[in-house]
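*Asks:* If you want the building blocks of each chain, they are given just below.
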Amino acid sequence: GDSVTQMEGPVTLSEEAFLTINCTYTATGYPSLFWYVQYPGEGLQLLLKATKADDKGSNKGFEATYRKETTSFHLEKGSVQVSDSAVYFCALSARGSQGNLIFGKGTKLSVKP
Amino acid sequence: GAGVSQSPSNKVTEKGKDVELRCDPISGHTALYWYRQSLGQGLEFLIYFQGNSAPDKSGLPSDRFSAERTGGSVSTLTIQRTQQEDSAVYLCASSRSGGGEIYEQYFGPGTRLTVT
Chain L
1 GDSVTQMEGP
11 VTLSEEAFLT
21 INCTYTATGY
31 PSLFWYVQYP
41 GEGLQLLLKA
51 TKADDKGSNK
61 GFEATYRKET
71 TSFHLEKGSV
81 QVSDSAVYFC
91 ALSARGSQGN
101 LIFGKGTKLS
111 VKP
Chain V
114 GAGVSQSPSN
124 KVTEKGKDVE
134 LRCDPISGHT
144 ALYWYRQSLG
154 QGLEFLIYFQ
164 GNSAPDKSGL
174 PSDRFSAERT
184 GGSVSTLTIQ
194 RTQQEDSAVY
204 LCASSRSGGG
214 EIYEQYFGPG
224 TRLTVT
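Sequences listed follow chains L and V, in order.
1 is the number of the first residue of the first sequence in the numbering used here; add one for each residue after it.
114 is the number of the first residue of the second sequence in the numbering used here; add one for each residue after it.
Next up, chain V with everything else stripped away, as it sits in the complex:
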């Protein structure tokens, strides 16, 4: 079956612009996670969605970052007024469920964001 897909695969933007990154999870997966992979910080958790519940935003680095998940499926990560330190690969992962039982997270190929 189809895996997790993300778009765009690459995004170059100017400092100060807003960007939107999209994630399509595996069908039927109720849990969705966003992570960031950067040279300086490694892999960091950003935000977690479980079904239609309120998200866990504890990993978001600043209020310039926000995310939504429509209909419990597709998710969009938005970065406002981008800064050079936002340059990273943004990864999305989905799993059958979150919390309680530990299910495998399936990762997408990522979106490489470069802020110039």
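Next comes chain L alone, as it looks inside the complex:
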């Protein structure tokens, strides 16, 4: 079945460091891909999405590019801030599905000042 694999955490970075969180997927056809974020004490929020190959999703300085050839959707940010500390989830929605999301396990990011 469809699945999402993302890098294990936790990830600890210093402020202004470069961030990469790897995400790969297995799916039939071409799914839509998402990154969700869960800040401490808050609910899940959509961070960015891409619905077709080579699309780049971006928001709040974060970017991810839908790579069909490597079935990947890695999350990147050039300079992280303390306020980016959160748990990040990669997810897919299969083409033709009801829109239900299949999530990776999540990666906890801690940014130190």
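Worth flagging that the hints you see were computed from the coordinates, not collected in a lab.
One should not assume that every hint holds.
[Said to hold, decoys possible] As a list, the in silico BS3-like pairs of lysine-lysine whose alpha-carbon atoms are at most 27 Å apart:
1. L:68 / L:56
2. L:60 / L:112
3. L:105 / L:68
4. V:170 / L:105
5. V:170 / V:128
6. L:108 / V:124
7. L:105 / V:124
8. L:56 / L:77
9. L:49 / V:170
Since the structure of chain L is provided, determine the placement of chain V on it from the hints.
*Replies:* Positioned in the frame of chain L, the structure of chain V alone reads:
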């Protein structure tokens, strides 16, 4: 506007008891999803409602789990004869529509269920 709300925020129950969890979606959202977030399994899809259509129950882990959605709005997830492995955070999400077009899902704060 108001977001997705869920109640209760926390629920502690004894093994074998039944529990009901409630979700109020964003007004006008026709699609509603239930997910479960647990340490061992991560985030899992449970059930999907689209308007007044029959739900997609493909993610429900056992027949102890059921859900309904009244009037295409409020939804209740019921777990009968709770087991310790049911302990998790139950999340509800709604979106403008499901299937076909991909719309953002808005998540509620969740109900943390602890089965003792």
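*Asks:* Would you mind marking each hint as holding or not holding in the structure?
*Replies:* Results of checking the hints against the structure:
no., hint, result
1, L:68 / L:56, "holds (12 Å)"
2, L:60 / L:112, "holds (19 Å)"
3, L:105 / L:68, "holds (21 Å)"
4, V:170 / L:105, "holds (22 Å)"
5, V:170 / V:128, "holds (24 Å)"
6, L:108 / V:124, "holds (26 Å)"
7, L:105 / V:124, "holds (24 Å)"
8, L:56 / L:77, "holds (13 Å)"
9, L:49 / V:170, "holds (26 Å)"
Violation of the numbered hints given earlier is absent; every hint is satisfied by the structure.
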